[in-house]
Structures are given as C-alpha cells and as structure tokens.
Amino acid sequence: MRIFVINPNTSESVTEHVRHELERIKRPDTELTVTNPKHGPVSIESAYDEALATPGTLELVRQANDEGYDAVVLACFSDPGLDAAKEISEIPVIGIEEATLHVAAMLGHKFSITTTGRNRAPTREIHVKLRNVETAYASALVMDMPVLEMDANPEEAKARILELARKAIEEDGTEVVILGCAGLAGYAEDIERELGIVVLDPSSVGLKIAEAMVDLGVSHSKVARFATPPKKEIK
Amino acid sequence: MTLRIFVINPNSSQAVTDHIRRELERVKRPDTELTVVNPQHGPASIESQYDRELVKPHVLDLVRRANDEGYDVAIIACFSDPGLDASREISSIPVIGIEESTLHVAAMLGHRFSPVTAFPKHVPTRDLHVRMGGFEHAYASTLITGMSVLDMEADPTTTKGRILAEARRAVAEDGAEVIVLGCAGLSGYAKDIERELGVVVLDPTAVALKVAETFADLGLRHSKIARFATPPAKEIR
Chain A
33 MRIFVINPNT SESVTEHVRH ELERIKRPDT ELTVTNPKHG PVSIESAYDE
83 ALATPGTLEL VRQANDEGYD AVVLACFSDP GLDAAKEISE IPVIGIEEAT
133 LHVAAMLGHK FSITTTGRNR APTREIHVKL RNVETAYASA LVMDMPVLEM
183 DANPEEAKAR ILELARKAIE EDGTEVVILG CAGLAGYAED IERELGIVVL
233 DPSSVGLKIA EAMVDLGVSH SKVARFATPP KKEIK
Chain B
6 MTLRIFVINP NSSQAVTDHI RRELERVKRP DTELTVVNPQ HGPASIESQY
56 DRELVKPHVL DLVRRANDEG YDVAIIACFS DPGLDASREI SSIPVIGIEE
106 STLHVAAMLG HRFSPVTAFP KHVPTRDLHV RMGGFEHAYA STLITGMSVL
156 DMEADPTTTK GRILAEARRA VAEDGAEVIV LGCAGLSGYA KDIERELGVV
206 VLDPTAVALK VAETFADLGL RHSKIARFAT PPAKEIR
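Chains A and B, in that order, are what the protein sequence lines are.
Every letter in the first sequence is one number past the one before it in this note's numbering, and letter 74, counting from 1, is 106.
Every letter in the second sequence is one number past the one before it in this note's numbering, and letter 103, counting from 1, is 108.
Chain A extracted, bound-state conformation (with noise of 0.2 Å):
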C-alpha cells in the first residue's frame, strides 16, 4: 500500500519529524512518502498562513494521483484545503484534524485540543462544527508556544501539554486530549502515561485511518460536496 503524506507547511525539519513518527507505525507493507510543498509559509499558525499553504498542497494531492498512490494524508491539524483536495481527487484524501476528531468522539465523552496560540482556539470551535463533533468537545488547550518551538523542544512542549490537561480533566470535563499540531508526532505516549487517559497523535491517527480506508476500498463520495470542480480557465 502506497500513502503519501503532505506537511502543508515548507518546513524540512517537520516534514522529517513526521516521517520519522510515522516509519515507527506503519504497517509492514505499507510504504510512505513524506513530502512538503516548496513554496509558503514554514508554520500554518492562522488562516492566512493556511490560505496561502493550500495551492501548494493541491499540487502535491494531484501529484499523488498522478504517481497512483492509494491514499493521501494531509498531515496539519487545521486540514488545510482538504475539500478542494478531496474534490480534485479520486484517491482518498484523510485530514489528519478531520479523523481524529471523529475518532476521539468514540473513545471518550469530550475530547480537549491543544493549539499552538490564543488565536487558533476559535479555530477549533469552527472545525468542531464544521465537523458536527460539538457535542464532544471540552475546550481549547493553549500552549502558547510556535509550531517550530514545539517541533524543536520536545520536553517544554510536554509539560506544558501535562499541566493544561490535568486541570482541562479537572475543569472541562475532558476525557481525551489530542495533540492538536503535526509538530506534536510523537509526543503523545510519554504524555499519555503520566496522564493516565487517551492521548491522540493526530498524523498516527490519520495514516492508520488511510490504511483503513484502503484495505476497504472506499473513497469520497462524488455526488455533491467533493464532486470533481466543472473545468475552466484558471488565468
């Protein structure tokens, strides 16, 4: 099985983080290719930095059609194109945000996200709508910490992830936490056993949901939302 994951974000150091997260937890005869855009921004941290991380990301989504790839993983939590993409392609196109947060709404009543700042916590309520999860979500976590610094400082970012979920468990009514950042591969184990509940890696979730989606031979439905864009000129 072939996968091809994007970090939307042109960061080589991140790109490389998750590929080495995600080799550990592949399936034997899964094969990966982990790959980012060449051009925008080097950490998605708003929405103009996602707005300007997506043509990128459509490239390299047609791409992996083109190369017959079986799934792609589009590997930053704020999933960013991931409708256009799924309407550009005929190969699965998981989210990593959109997967984990419908896989949190079964292990646990209400799920906590951490975010990198202040300002991506309306972020999340927007996506949890979107994603018709409301009902399952406990609160924003805000490290306050940048996306490079997270990926860079491994022990920083875990504890401060340990204090914001034990009083977001005590507080919120959090059952899961999910480490809402692709920088964040990786971190979830160490976190979960100090933790003692369910501690998402959202780029392990959505590589293990594209595998699913293959070995079920599903992809996106055609007939309205990801229908195939009607062709015209692009000036």
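Errors might be hidden in some of the hints.
[To be verified] Taking lysine-lysine pairs in the DSS-like style, the calculated list, with each CA pair at most 27 Å apart, reads:
1. A/Lys263 x B/Lys165
2. A/Lys70 x A/Lys264
3. A/Lys264 x A/Lys254
4. B/Lys215 x B/Lys239
5. B/Lys239 x A/Lys70
6. A/Lys58 x A/Lys190
7. A/Lys142 x A/Lys161
8. A/Lys161 x B/Lys229
9. A/Lys240 x A/Lys161
10. A/Lys70 x A/Lys58
11. A/Lys190 x B/Lys165
12. B/Lys165 x B/Lys215
13. B/Lys229 x A/Lys264
14. B/Lys215 x B/Lys33
15. A/Lys190 x A/Lys142
Simulated from the structure, these hints should not be mistaken for laboratory data.
None of the values given here were measured: they were computed from a predicted structure.
Following the hints, put chain B in place on chain A, whose structure we already have.
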C-alpha cells in the same frame, strides 16, 4: 467626508466585475466612492472549494492593497466569502463578506431564509456556511437554478424566471420567508423577483455595501483578540 470602499470580485472575470460595479454605483450613498476590482490571476468563476482555495491568495493581496491605499472598508463580493477570516487577520480596516453580512440581515428579516445557488454541488457549502455562522435555525433550504455563474450573469430573464419558480416553491413548502440571491453575478436581480414574489429578496452585494457604509460610519473594527489576531510574522517561501 468621503467614504472610500474597496470592492473585490474574487474571480478573474472582468464582465462580473463590471456588472457588480454598475449595480453598486446605483445603490451607494452619494458620499461613497467605490473601487471595484478583480485579481488578474485565478479562476474565471467560483463554483467549487478548489476554485475558492485558488482565489484566496489573490484576494489577500487585494485586501493588503486596500489597507495600503487608505480605503475605509473592503468587501469580498463572492457569496462564499473566500478568504474572509484570513483577510481580517491581515487587515486593520473592516472586511465585509457578502455572504456573512447577508445571512445576518436575512435572519433579522424573517423566520427562515433560502439562498439561491447554481447547482446541487453547492448545497453542502450552503449547509456548512450556515453552520459556521450559527444560523441553523434560520435556514430553510437551498434553491437551485441549474445554471452556471457565467450563464446566470449573461441571461437575466431566464435566471429570474427560474429563481421565481424555485422561490415560490420554497415559500410554500420550506417555510422560506426571505430569499437570498447567493451569487454576486445575480446582483441587481432582486427587485424584479421581489415584486413578482411578494417576499423579501436580498442582493448580497448591495447588503454588504450598506453594512460596509454602516461599519465605517460607526468607526468599527474587527476584534484582534484571537480569531482575527494579526498572524505571527514568519518566512513565506
């Protein structure tokens, strides 16, 4: 004092831009000065999420230009508000989305509204945007013309006839009390349809212009606390 409003048609069709300019010139206040533009690059019309994603970087460039050139407000004149949140993040002047502003106004005018769209393909987008805006309880249904954006723009008579038939059905069957013309290319069609139909028909581009004038009058700005906070400065390769 003159109010300067920068209107962005996010698609690259000059014909649509001219149509919007003509209609807005008729409804603007005498002291409002309009600049109506479109990006040079990008899709000729916006009929999919793919099209929406491709127009966003160009819309953002124009929003920056509106800020740099000292405009008072910017309007994104496409009924899916492409790039609205990102625009607000990088803008110190208000950015009005014609969809968002029209849904708020529609919710004040009747118990439920029905937006008009081109094809069945667009119904999920309407559902999702209604949810995002928190308007589920005011949403009746989405009405379909079965005509492309550029056809609706080119053939007003057929378009109005189709909308009228669909709107009558929605008023009778779906509980619609307000009809929203969900495409900037339908700009100026509202009055004729409203006269025949007997219920309120909103032209989102006109509504947005009036909301923009109101924001400027009141001196309002987007909150920069969280959702529309200025993005962190970083390298963009």
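Each hint, compared with the structure:
{"no.": "1", "hint": "A/Lys263 x B/Lys165", "result": "25 Å, holds"}
{"no.": "2", "hint": "A/Lys70 x A/Lys264", "result": "26 Å, holds"}
{"no.": "3", "hint": "A/Lys264 x A/Lys254", "result": "19 Å, holds"}
{"no.": "4", "hint": "B/Lys215 x B/Lys239", "result": "36 Å, violated"}
{"no.": "5", "hint": "B/Lys239 x A/Lys70", "result": "15 Å, holds"}
{"no.": "6", "hint": "A/Lys58 x A/Lys190", "result": "23 Å, holds"}
{"no.": "7", "hint": "A/Lys142 x A/Lys161", "result": "14 Å, holds"}
{"no.": "8", "hint": "A/Lys161 x B/Lys229", "result": "22 Å, holds"}
{"no.": "9", "hint": "A/Lys240 x A/Lys161", "result": "24 Å, holds"}
{"no.": "10", "hint": "A/Lys70 x A/Lys58", "result": "25 Å, holds"}
{"no.": "11", "hint": "A/Lys190 x B/Lys165", "result": "59 Å, violated"}
{"no.": "12", "hint": "B/Lys165 x B/Lys215", "result": "23 Å, holds"}
{"no.": "13", "hint": "B/Lys229 x A/Lys264", "result": "37 Å, violated"}
{"no.": "14", "hint": "B/Lys215 x B/Lys33", "result": "8 Å, holds"}
{"no.": "15", "hint": "A/Lys190 x A/Lys142", "result": "21 Å, holds"}
The structure shown violates the earlier hints numbered 4, 11, 13.
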